[in-house]
Amino acid sequence: MTRRSCSLTFLIVAISAFGMPGLLNAQSSPKQVNVYIDSVMAADTNEGTDPRLGPMDQKLRGLFGFSTYSLIGHNEGETDCGKMIAFTLPGGKILHVQPRAIDGDMIAMEIVLFDGTRPMMTTDLKLKNNGTLIVGGPRYEQGMMIISIGASTGGSPPIQSQATPAEATNR
Amino acid sequence: MMLGAFEDAELEPNEMQEVAFHLARCESCTGILADYSTLGRDLRSITAEPSLAGFSSAVIARVDRLPMPVFTRIARALRRQLDSVGAGLAWGGAAVAVAVVTIILMTPYAEHFANRAPQSTVLAKAEPAAPATSLVADATANEPTMADNDSHADISRLESENRSVAVWSEPRRDTTVIWLPDQP
Numbered sequence: 001m002t003r004r005s006c007s008l009t010f011l012i013v014a015i016s017a018f019g020m021p022g023l024l025n026a027q028s029s030p031k032q033v034n035v036y037i038d039s040v041m042a043a044d045t046n047e048g049t050d051p052r053l054g055p056m057d058q059k060l061r062g063l064f065g066f067s068t069y070s071l072i073g074h075n076e077g078e079t080d081c082g083k084m085i086a087f088t089l090p091g092g093k094i095l096h097v098q099p100r101a102i103d104g105d106m107i108a109m110e111i112v113l114f115d116g117t118r119p120m121m122t123t124d125l126k127l128k129n130n131g132t133l134i135v136g137g138p139r140y141e142q143g144m145m146i147i148s149i150g151a152s153t154g155g156s157p158p159i160q161s162q163a164t165p166a167e168a169t170n171r
Numbered sequence: 001m002m003l004g005a006f007e008d009a010e011l012e013p014n015e016m017q018e019v020a021f022h023l024a025r026c027e028s029c030t031g032i033l034a035d036y037s038t039l040g041r042d043l044r045s046i047t048a049e050p051s052l053a054g055f056s057s058a059v060i061a062r063v064d065r066l067p068m069p070v071f072t073r074i075a076r077a078l079r080r081q082l083d084s085v086g087a088g089l090a091w092g093g094a095a096v097a098v099a100v101v102t103i104i105l106m107t108p109y110a111e112h113f114a115n116r117a118p119q120s121t122v123l124a125k126a127e128p129a130a131p132a133t134s135l136v137a138d139a140t141a142n143e144p145t146m147a148d149n150d151s152h153a154d155i156s157r158l159e160s161e162n163r164s165v166a167v168w169s170e171p172r173r174d175t176t177v178i179w180l181p182d183q184p
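Same order as they appear, the protein sequences are chains A and B. For the first sequence, position 6 (counting from the first letter as 1) is numbered 6 according to my numbering, and the numbering increases by one without interruption. For the second sequence, position 49 (counting from the first letter as 1) is numbered 49 according to my numbering, and the numbering increases by one without interruption.
Since the hints were derived computationally from the structure, they do not count as laboratory data. What you were told as hints is all true, and nothing was included just to trick you.
If the Cβ cut is set under 10 Å, some of the chain A residues that face chain B in the computed set are:
hint	residue
1	LYS128
2	ILE146
3	SER148
For clarity, every value in this text was computed on a predicted model and none was experimentally measured. We put the beta carbon where it would ideally sit given N, CA and C, even for glycine.
Take these sequences, add in the hints, and give me the full structure.
Have a look at this one:
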């Protein structure tokens, strides 16, 4: 074995070892993430559920005990891993969502909720593909605001309202 | 008779002194010595010095062509082979060591990408679904919280100025909730 062939072997082994994770990543994960945001006003005013909420109605009723749920906003967007997408929500709230990585069936992301320019909450989480995170609590009109954040890497979207962004703003 | 040797500085010191003393008083010998000197210079100027370029390499080549004892040849061949194999083994060993270290270092990374990595450290577990009337939990703001692994979200960091943040998951509804009640 000559010195040159040894060097070549070493180079091939090193490149193979270092390149393996990148190759795995490239093969196993799509990079685009669809983000769905529903903004719901929840109150105890006995006005029932906004029909535009569709299947979200059951979910909200199972989670909370309010008597009124009204869809006040719907946003959706598509972004790449590592690229932040911003949503302007009712009540002067702004939501930043930045998918960081797709780990199997989980989507790692950072979410920052602003009240105007003031950050209210920052969280890093892994959300199951087509799963939903609900952020709620801020006061909104006569009730509270509930923000449903869903993410998917394609295929069927998570349970959400059946409104288009334009419909959601026409209350 | 001693002038030639005197010219070539080959006399003993006392003889050199004796000849030099004689030359100082004898014009004839001085003239002869001058002729010797002139003759010597002329001879040196017409004699071509042989070139030494390639002399050493030619000598080495001739030495190499000399027949070598059998034992010496075998010993040299063995030493050459050992040097070559030793270098090869050293490089091969280094390559294997680097590959092993790299694989050890990169394995968790690879597993992470292959979705076999263990979950992040669970710092706190959120309670299962709580009624809306008791939303204010003891979750402290700026403390990392992790939702139940059975839920559809693993929260590794949660920061808020709100000190009454509540986090819980509802596995049956595939939902995790972060509740940020407005501060009074």
